[in-house]
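Protein chains: 2
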Amino acid sequence: MKLKIKKDLLLENLNKVSKAISTKNLIPVLSGIKFELTKEGLTLTASDNDITIQTFIPVNEEDMTIDKEGIIIIQGKYILDIVRKLQAEYINIEVIDDLKILIFAENSEYNLNGISKNEYPKVNLELKDDFISINNKIFKTIINQTSFATSNDESRQILTGINFKINGNIMECNATDSYRLARKVINLSKPSPVEYNVIIPSKNVLEFTKILGDDEEDVEIHIFNNKVIFKYDNVIFQSRLISGSYPNTTNLFPKESILKITVNLNDLYNVIDRASILTFDKDKNVVTLEIKNDILIMRSSSSEIGRGEEKMNINKNNDEDIKISFSARYVMEALKSFTGNTVELSFVGEVKPIIIKDVDDDELTQLVLPIRTY
Amino acid sequence: MKLKIKKDLLLENLNKVSKAISTKNLIPVLSGIKFELTKEGLTLTASDNDITIQTFIPVNEEDMTIDKEGIIIIQGKYILDIVRKLQAEYINIEVIDDLKILIFAENSEYNLNGISKNEYPKVNLELKDDFISINNKIFKTIINQTSFATSNDESRQILTGINFKINGNIMECNATDSYRLARKVINLSKPSPVEYNVIIPSKNVLEFTKILGDDEEDVEIHIFNNKVIFKYDNVIFQSRLISGSYPNTTNLFPKESILKITVNLNDLYNVIDRASILTFDKDKNVVTLEIKNDILIMRSSSSEIGRGEEKMNINKNNDEDIKISFSARYVMEALKSFTGNTVELSFVGEVKPIIIKDVDDDELTQLVLPIRTY
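Just so you know, the protein sequences line up as chains A and B, in that order. Just so we're aligned: the first sequence equals residues 1 to 374 in our numbering. Just so we're aligned: the second sequence equals residues 1 to 374 in our numbering.
Just so you know, the hints here were simulated from the structure itself, not pulled from any lab data. Keep in mind that this is a model prediction, so the values were computed, not measured. One or more of the hints may lead you astray.
Any copy, or any two copies together, can satisfy a pair, since identical chains are not distinguished.
[What the hints assert, rightly or not] Straight-line alpha carbon distances no greater than 20 Å define the calculated PhoX-like cross-link-like pairs of lysine-lysine that follow:
| id | residue 1 | residue 2 |
| --- | --- | --- |
| 1 | Lys227 | Lys2 |
| 2 | Lys85 | Lys336 |
| 3 | Lys117 | Lys100 |
| 4 | Lys39 | Lys128 |
| 5 | Lys231 | Lys190 |
| 6 | Lys4 | Lys68 |
| 7 | Lys165 | Lys352 |
| 8 | Lys39 | Lys4 |
| 9 | Lys203 | Lys165 |
| 10 | Lys323 | Lys137 |
| 11 | Lys292 | Lys24 |
| 12 | Lys85 | Lys311 |
Just chain A, same shape as in the assembly (with noise of 0.2 Å):
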């Protein structure tokens, strides 16, 4: 193998592989990265087994200069330092000698241990005819709505993923750790001829969010039977998928409600950040909130520390009043997933579960479970 490569280019995609290289050593080989050169450009592979990403440079003459193809596994975290502080505009790599790699640019020259390609595990990212399509912003903005409702209990596998629902042109998602709910409906612009119901790794899809631009190029989503691959850009992105079934969250979203208050989303999270504060020392951070006429009273006391009371305005659709208690990180981090400026809640009763909608959009719906505080 031997190359010459614009730095910034291959710094971009060595940054773009790097989140899959493997830091356990149990197989030395998974924290380096594959080097795979032929007459069509470099592909650049990493995997630590959960993942595997995968990014092609093609071939262009003022960014590459291709001498020789080959095959050569790289240190993950050697070679990504290297082209990171290496201050010049190409750089030349060359194996030597079998397994000898040699990294030069003007005054500077590196020789690396190499791995050879035998090593490494074969990773099949063949990907299929019918895939899901979805803009990368919004496909961010689900995963960003949705992921933090996780559970992060390793012993829960199920609730650590986000539940993928797909059926024609509707895709549902939803990520609960059994305290709160996220869920997040949207319209496919190209419905799917399949139907799918998987569980996708929390983090792995939370990791592949980051590779995502600031520009309008669609992400493509296939499913396998075990696996998801997700294509964007340059990238190809594989997790595995987790198996077993999805609890079914319908039921848990009450049809009535006995009132709903709007409020400013900004000025209901602050009070309830600050009433928060006194409950900083506690395991469940419970807050309660009362309705009474017009006035919402956010309440936190630990018998330690003090009491705190917070009242603002709202506006009602009928005369009833309430009284609930809740986790106030829970519920402020189902506001901070919405956009807008105004939130409606809904209540059922004390006992029954909190229901946040943006007042102008219905694809997104936040669910809290209230605490009993008696």
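On the provided structure of chain A, position chain B as indicated by the hints.
Same frame as chain A, now just chain B:
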């Protein structure tokens, strides 16, 4: 105690003293901030027994209204968070029922449990008549250029401090961890009537420099037998001194040199930074520098990872060549302390200290010991 005070002013002063709030819960009252309200204004004090910080906010019609004098200790973490998060121009603080503190502003009302002033340790922050004065920016620079070279090893107490030697109008500051040494010598604008030789804990004086602003205000240094008090603006900062005698460092500096080179500071820094990539896995990140004719060659190698070589042009004062190995991190940290463009490195021999100076500034000297590689 009862007062109304501008939120931003109170927050600014709470932030200053908060650095001294104890995070260990050994003495509960030390997690509090002492509020002392007199006709003259509000004094805030925090202390963790190692450092004590006090600020004074003088009364001023627009900033503060004093309704009732008094003293109370308020939990530092909670008062700080409440004041930070309140969205009001003015905040009211009132002691009711002896130890209950009421904090309110507009629609927010907080009741905190206070601690009696009788539990707070006696703090004597009396100043001296003769003290040393230094421009605050110069003081900050001295500390930044020396503190990094102190030891973190608590079993070598003396080396965790910066040695201040003041004689007439000369102030010499030394910091060393026994592998490298930073020395800064400045002329005081007003000579000190007393001679001092004290060791100030590096982390305490670094904490103090974070309070210093960007103005031309002087720092006053009041040195006592076992403590030092810094005064700046409305802040009084007290630290213990480290007892014991600081090693005599003057003998460490070689009188002569066999070779001096001058080199661009940033270029040299980047060359060491890159070469050291291959030494990340080791405790001592050793690189080897070779001067051969007018070329500087920086080498590093690791049997597992590979080897690197960087070249750059230099100017020399004679025809000598040299080869010397050192810790990349120590030399990089020493280089970072200079503000000019060009530095001079002096060599005495392969196993003798390397001396680094700015070619245009005689005040700062950095010394790094070489590492034997054979």
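Here is how each hint holds up against the structure:
no.: 1; hint: Lys227 to Lys2; in the structure: neither (34 Å within a copy, 65 Å between copies)
no.: 2; hint: Lys85 to Lys336; in the structure: between (37 Å within a copy, 17 Å between copies)
no.: 3; hint: Lys117 to Lys100; in the structure: within (13 Å within a copy, 71 Å between copies)
no.: 4; hint: Lys39 to Lys128; in the structure: neither (25 Å within a copy, 79 Å between copies)
no.: 5; hint: Lys231 to Lys190; in the structure: within (17 Å within a copy, 70 Å between copies)
no.: 6; hint: Lys4 to Lys68; in the structure: within (10 Å within a copy, 77 Å between copies)
no.: 7; hint: Lys165 to Lys352; in the structure: neither (26 Å within a copy, 70 Å between copies)
no.: 8; hint: Lys39 to Lys4; in the structure: within (13 Å within a copy, 75 Å between copies)
no.: 9; hint: Lys203 to Lys165; in the structure: within (18 Å within a copy, 55 Å between copies)
no.: 10; hint: Lys323 to Lys137; in the structure: neither (38 Å within a copy, 55 Å between copies)
no.: 11; hint: Lys292 to Lys24; in the structure: neither (55 Å within a copy, 42 Å between copies)
no.: 12; hint: Lys85 to Lys311; in the structure: between (54 Å within a copy, 15 Å between copies)
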